[in-house]
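Chemist: These protein sequence lines map, in sequence, to chains A and B.
To convert, note that position 208 of the first sequence is 1497 in my numbering; the numbers rise steadily by one, no gaps.
To convert, note that position 94 of the second sequence is 96 in my numbering; the numbers rise steadily by one, no gaps.
Just so you know, the hints here were simulated from the structure itself, not pulled from any lab data.
Quantities reported herein were computed from a predicted structural model and do not represent experimental measurements.
By construction, the Cβ of each residue, glycine as well, lies at the ideal position given by its N, Cα and C atoms.
Across the chosen pairs, the derived CB separations fall in these ranges:
id, chain 1, residue 1, chain 2, residue 2, range
1, A, Leu-1681, B, Pro-134, 31 to 39 Å
2, A, Gln-1485, B, Ala-135, 36 to 44 Å
3, B, Glu-272, A, Asn-1480, 16 to 24 Å
4, A, Leu-1681, B, Ala-132, 21 to 29 Å
Take a look, some chain B residues computed to stay more than 12 Å from chain A by CB distance:
id, residue
5, Leu-63
6, Gly-73
7, Leu-75
8, Ala-166
9, Thr-174
10, Gln-191
11, Phe-193
12, Asn-196
13, Leu-203
14, Ile-284
15, Arg-289
Coverage of chain B stretches by chain A, computed from C-beta distances (three or more under 8 Å per stretch; other residues unrestricted):
id, stretch
16, 17 to 25
17, 125 to 134
18, 212 to 225
19, 262 to 271
Okay, here's what each chain looks like letter by letter:
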Amino acid sequence: MSLNRRTLLAGAAALPALGGLPFRSARAQAANTIRIGVLNDQSGTYRDLSGPGSTQAVQLAVQESGITQRGVTVEVVQADHQNRPDVGSTVVRQWIDRDGIDVVVDVPTSSVALATNTLVREKNKVFLNSGAATSDLTGAQCSPNTVHWTYDTYMLANSTGGAMVRAGGKSWFFITADYAFGHALERDTGNFVKAQGGEVLGSVRTPFPGTTDFSSYLQQAQRSRAQVIGLANAGGDTINSIKQAAEFRITRGGRVKLAGLLVFITDVNSLGLEVAQGLVLSETFYWDLNDKTRAFTQRLGAMPGGIRPSMVQAGCYASVLHYLKAAGDMGVAAAKASGADAVTRMKAMPTSDDAFGEGTIRADGRKIHPCYLFEVKAPSESSGAWDYYKLLGTTPGDQAFRPIADGGCALVRS
Amino acid sequence: MIENLLFELEMAAPQVILGLVNGAFYALLSLGLAIIFGMLNVINFAHGAQFMMGAFVAWMLLAWAGIPYWGALVLAPLIVGAFGVVIERTMIARLYKLDHLYGLLLTFGLALIIEGVFRNAFGASGLPYAPPAAFNALNVDIAIMFLPGYRVWVVIASLLVCLATWLVIEKTKIGAYLRAATERPELVQAFGINVPRMMTLTYGAGVALAAFAGVLAAPIYSVNPAMGANFIITVFAVVVIGGMGSIMGSVVTGFGLGLIEGLARVVYPEASATVVFVIMAIVLLTRPAGLFGRG
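Put together the whole structure using the sequences plus the hints.
Modeler: Okay, here's the thing in structure tokens:
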């Protein structure tokens, strides 16, 4: 019984991730070949919202950048980090040292993203993060080699938390996944609630991973008599919390509201509208938002598992597209020679893509675009598969993210 | 003082009931494991994957064939149990003469493959499965808590199945053969009983129990490929505490640990996932054969 399943899993799955790369003799580093590595969760809870769908989005970006018509070769590879910083670091190190990877893309799970952030900076390559939530990537741990594209904990707290307080939800109780991400999300949201005159009545820390039954915690939250139960968790934890909240009729009578602080469209699909209806959440991309996002979704084609693109996958597309524009602009050789220079060029150019519209990248690496507040439709309002959200409000880009001066990023002070 | 105590009781009572619901799953799952281990001497690491298959088959029956919950409760265990029979015949049966470790490795590999196949086919975030509305009649709505009728049903169903299994093994002729074959297979074979077939059916029955638990779980938990992996580690701890292969031990320990875990969720939530393993360590140190094991 002393056999540890996770250790076994890690060992077994890390081997193909490291050994299965298509180019063994990449030492040559052909001057006009850009190598992109998509690193994310290919087998766990974040597979659907990132996973192989992110790679598909990156491939579309390569195609649409037009850079290949100019004689530049772009190679895209992917690997599974299993949401473990040690596995992720090993892959990134091998990618850069052995396989000549220039750009690391996606990397959900904050702990892995922070490890990747340090490594990529050390090696002077480029890190385009889409999947991770931690706002530290553009705060205390900001790096001249990193762009944080899609969303962060501050933005989620600001948008969902702010909206709930304005709607009258003044007293909060948090159900928090007991690790760095959950703590950060609880802290950021709690600060917003207090700043707007609300109060935090308490919180309960749920073991992560390994919690499947949230009914006890939901009952504790209900007993606190808080008006809003904030779910500072993600993925399977959020799905189980919401499913069981419906089962236990936590929100009946409308006195208590549930706030999913990080809910992806794949989570809503998993819950079904019957259970998820009325849930308020924030995203920066929704496939059915406007003509451009619909066109982007159409061009992306059929996704693995029949899903529609998540904001994380859209972020992979848009960030790689922008990087390739910058690389084409400054010259591939120069972009490959210094990751920091390539990111500087990215910051100097305005961004434009079908997924996020027009935007900019700030000095601290934060990509700036609007954030949307959605409500999940009732089954009767939905016209069919993946018609899930109605738009409640939009926070403009300059208000959606943490003010640049408050992040404590060294790049800004200098 | 007394008021305080009353308040504490009021806090604890719902948690005890919720703990029992989780205990119902632990009991069902560890019961299947105990039967398989007792009879086949195989540590069935694929148990979590088979639990997950039960939930998925329930979903498929509803989504693809329109067969509702009650049908799934009968059909899914049969389908997944049949799958177990095939696995036993084609693979596990070849390992009986080898060390335990081979069975463990084989079933562990099987679990990874099954989970991988489901992940590729259905994604990782899970599928919706609504609890049947009929259970609303069992809803308990009292001042201190609201308990969904479906959870009441889970406890009842689990207790019934555990009791039935215990009766079959302890009180029937088939059960007697089974217990005899566990002790002295050659002798039982000599009496003209087809021991290999009995082992196959036992494995199938153990797997069917896992699938039954899976169907019970589908309306409560997210139906996703990892749902069994989340449960199985705790369930193995339950089996170790109860005593490997002990039927009564796994049932009593399953419900008991569900209760303790439920209380830990109020007293010290951060430790609620660890408390079972702390108990396991203590039991292993003081009674290595488990609480109900035959040392």
